[in-house]
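Order-wise, the sequence lines are chains A and B. The first sequence runs 1 to 335 under my numbering. The second sequence runs 336 to 670 under my numbering.
It is worth saying that the hints were derived from the structure and are not from the lab. A couple of the hints might just be wrong.
Unchecked claim - In the DSSO-like style, the derived pairs of lysine-lysine whose C-alpha atoms are separated by at most 27 angstroms in a straight line are:
| id | chain 1 | residue 1 | chain 2 | residue 2 |
| --- | --- | --- | --- | --- |
| 1 | B | K477 | A | K22 |
| 2 | B | K416 | B | K394 |
| 3 | B | K339 | A | K181 |
| 4 | B | K357 | A | K142 |
As the list claims (entries may be wrong) - Listed below are several chain A residues computed to face chain B (Cβ distance under 10 angstroms; list not exhaustive):
| id | residue |
| --- | --- |
| 5 | S24 |
| 6 | N25 |
| 7 | A39 |
| 8 | V43 |
| 9 | T258 |
| 10 | V314 |
Only a predicted model underlies this, so the values are computations on that prediction, with no experimental measurement involved. Even glycine gets a Cβ: it sits at the ideal position worked out from N, Cα and C.
Protein chains: 2
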Amino acid sequence: MSIKVGILGYGNLGRGVEKAVKASNDMELVGVFSRRDPATVKVDSGAATYHVDELSKMKDQIDVLIICGGSATDLPEMTPKYAADFNVIDSFDTHANIPTHFANVDAAAKAGGKIGIISCGWDPGMFSLNRLYAHSVLPGGKDYTFWGNGVSQGHSDAIRRIEGVVDARQYTVPVPEALDKVRAGENPELTTREKHTRVCYVVAEEGADKARIEQKIVTMPNYFADYDTTVNFITAEEMKRNHSGLPHGGSVIYSGTTGGTTNADGSTNTLNTHVIEYSLKLDSNPEFTGSVLVAYARAAARMNQAGESGAKTVFDVAPALLSPLSGDEIRAHML
Amino acid sequence: MSIKVGILGYGNLGRGVEKAVKASNDMELVGVFSRRDPATVKVDSGAATYHVDELSKMKDQIDVLIICGGSATDLPEMTPKYAADFNVIDSFDTHANIPTHFANVDAAAKAGGKIGIISCGWDPGMFSLNRLYAHSVLPGGKDYTFWGNGVSQGHSDAIRRIEGVVDARQYTVPVPEALDKVRAGENPELTTREKHTRVCYVVAEEGADKARIEQKIVTMPNYFADYDTTVNFITAEEMKRNHSGLPHGGSVIYSGTTGGTTNADGSTNTLNTHVIEYSLKLDSNPEFTGSVLVAYARAAARMNQAGESGAKTVFDVAPALLSPLSGDEIRAHML
Numbered sequence: 001m002s003i004k005v006g007i008l009g010y011g012n013l014g015r016g017v018e019k020a021v022k023a024s025n026d027m028e029l030v031g032v033f034s035r036r037d038p039a040t041v042k043v044d045s046g047a048a049t050y051h052v053d054e055l056s057k058m059k060d061q062i063d064v065l066i067i068c069g070g071s072a073t074d075l076p077e078m079t080p081k082y083a084a085d086f087n088v089i090d091s092f093d094t095h096a097n098i099p100t101h102f103a104n105v106d107a108a109a110k111a112g113g114k115i116g117i118i119s120c121g122w123d124p125g126m127f128s129l130n131r132l133y134a135h136s137v138l139p140g141g142k143d144y145t146f147w148g149n150g151v152s153q154g155h156s157d158a159i160r161r162i163e164g165v166v167d168a169r170q171y172t173v174p175v176p177e178a179l180d181k182v183r184a185g186e187n188p189e190l191t192t193r194e195k196h197t198r199v200c201y202v203v204a205e206e207g208a209d210k211a212r213i214e215q216k217i218v219t220m221p222n223y224f225a226d227y228d229t230t231v232n233f234i235t236a237e238e239m240k241r242n243h244s245g246l247p248h249g250g251s252v253i254y255s256g257t258t259g260g261t262t263n264a265d266g267s268t269n270t271l272n273t274h275v276i277e278y279s280l281k282l283d284s285n286p287e288f289t290g291s292v293l294v295a296y297a298r299a300a301a302r303m304n305q306a307g308e309s310g311a312k313t314v315f316d317v318a319p320a321l322l323s324p325l326s327g328d329e330i331r332a333h334m335l
Numbered sequence: 336m337s338i339k340v341g342i343l344g345y346g347n348l349g350r351g352v353e354k355a356v357k358a359s360n361d362m363e364l365v366g367v368f369s370r371r372d373p374a375t376v377k378v379d380s381g382a383a384t385y386h387v388d389e390l391s392k393m394k395d396q397i398d399v400l401i402i403c404g405g406s407a408t409d410l411p412e413m414t415p416k417y418a419a420d421f422n423v424i425d426s427f428d429t430h431a432n433i434p435t436h437f438a439n440v441d442a443a444a445k446a447g448g449k450i451g452i453i454s455c456g457w458d459p460g461m462f463s464l465n466r467l468y469a470h471s472v473l474p475g476g477k478d479y480t481f482w483g484n485g486v487s488q489g490h491s492d493a494i495r496r497i498e499g500v501v502d503a504r505q506y507t508v509p510v511p512e513a514l515d516k517v518r519a520g521e522n523p524e525l526t527t528r529e530k531h532t533r534v535c536y537v538v539a540e541e542g543a544d545k546a547r548i549e550q551k552i553v554t555m556p557n558y559f560a561d562y563d564t565t566v567n568f569i570t571a572e573e574m575k576r577n578h579s580g581l582p583h584g585g586s587v588i589y590s591g592t593t594g595g596t597t598n599a600d601g602s603t604n605t606l607n608t609h610v611i612e613y614s615l616k617l618d619s620n621p622e623f624t625g626s627v628l629v630a631y632a633r634a635a636a637r638m639n640q641a642g643e644s645g646a647k648t649v650f651d652v653a654p655a656l657l658s659p660l661s662g663d664e665i666r667a668h669m670l
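With the rest of the complex left out, here is chain A (with noise of 0.2 angstroms):
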């Protein structure tokens, strides 16, 4: 029997979720909910489409409810609201916030029976399991997470917002040279500045004043004052060509060392430097975080099945949960 999915919000992410549960074959897509007028929504793969209040009415056709919202203000209200009727997972990546997010859900959730997987996608998500995972092996050692190459869809917004700017791309650059120290097991200091560089393309209206964008962007708080910032003025036509995916990745990376103590008769063992890498490249940022979303469905389906409830993280979920396959499929092909 496929697991039921709807999709709450149609923007680049809710369109990679339903190419994600269009490529699972135990899943099956109810149909897309969203705030405008349903007629106005034009679904790619042709699915039903919904006002969202019609949820209300569709509790028993929904297994899991994938929200697509924004981590400012749709998730933190959203998520809660949903998960009390629902099976519900969200990528909300305000990392500060989490907290008090984790301990919403987990309230309407438990209060209705339900699971609510919240912080999915690579970053929160990917990463932070790398994360966890090499600091439960080698405890004490040190993670660095680098983004990029890719484009920054927050940032590009901010540089859209400047007077005389038509459009803009923002790319996170690693520095290598930064890269090359963690990798090498050198646990650095590093400042904000060392470890990421900014490059921006944009497309300024006729006329605009191009020295007083570019002296804007590269002294905006918060987004770009802080790193070393490139500014491109380029053509409408350029940016299209060249500019129209949204790739993205990353990498953590952590050392941590064994050994180095010392022994019962005085001698001293080795200290040994382990270095783990988790990397990403991805074509598609939308594409890969739903992706992720929809393994964490089918997961949520299963531990809602067994019985369990509240708020989970990807920290609660067994791996096993994540796949179409079988127990012994898993261990025979993969372990």
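Add chain B to chain A, keeping to what the hints say.
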């Protein structure tokens, strides 16, 4: 209350486990158990030593028994035997026999109400996890596992059994061109010879026929015949100076796609490729493997405390169970 650990078997791996237990604040080493006369077993940390037969009297003193034996003959017998009375961990790595071993441990552990986590380490173990996560997130892709640079102890032993050989060390080395193709997401078909080369350092007996030894090595079935193998004869001093460590490592690289499907209106989505890589660079193979076993020992104690029993693998263990930190702490600092 700390987790009380016993170590059964005291070779390189047992020593690695010992160091990892010592590095874990929430664990305590009860003792080292051996088939040898305990008076002859010199334990680095000064922990107590016991004959293996003493285990039957110490069921209440040990929360988890970590079995550090060989996969060929020790573990198939030992792990099911002790799983009846103890939560156990092993590093069973004969891939073809995992289903049988799992079934044997499962029956014993269920009968005794204990947990037995088999095939922990890095391959099987951390590498298996990365194969499973990648296949689950991006179904239909392809995984590649490369080992090295690192010392293969089984291959080194095989060389030592050749007449005229005093000592030997064999390094497994991934072929850079193969790695490049896989990292580029090309999903190449690769033969055994195209993936890895083997580099051997051999100390020969005085007056031994080196040409014969080299010929014996490079034509040895299963071990070397399918590889490009280089043999270097060195002195015993060079062996000690340059090859006394047991470094190892490798990479699991997975590439899969999203998109590429046809929409309801006949248009086609872009095919996007994603490459996931997990890599290890380990100064000491047995110490890293031992550290993984100890993290899973923590999980075994917790799972049994929660009322679970039976055989498990890394696939069945929720990542949070590996960490000494609380759920609140890992969500706040690692998610």
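Each hint tested on the structure:
1. B:K477 with A:K22: holds, 19 angstroms
2. B:K416 with B:K394: holds, 13 angstroms
3. B:K339 with A:K181: violated, 38 angstroms
4. B:K357 with A:K142: Given pair K357 (chain B), K142 (chain A) holds - Cα atoms ~19 angstroms apart, limit 27 angstroms.
5. S24: Holds - the Cβ of S24 (chain A) comes within 10 angstroms of chain B, reaching about 6 angstroms at its closest.
6. N25: Given a least distance of 8 angstroms, the restraint on N25 (chain A) holds.
7. A39: violated, 15 angstroms
8. V43: holds, 8 angstroms
9. T258: holds, 4 angstroms
10. V314: Hint on V314 (chain A): holds, closest Cβ of chain B at ~7 angstroms, below 10 angstroms.
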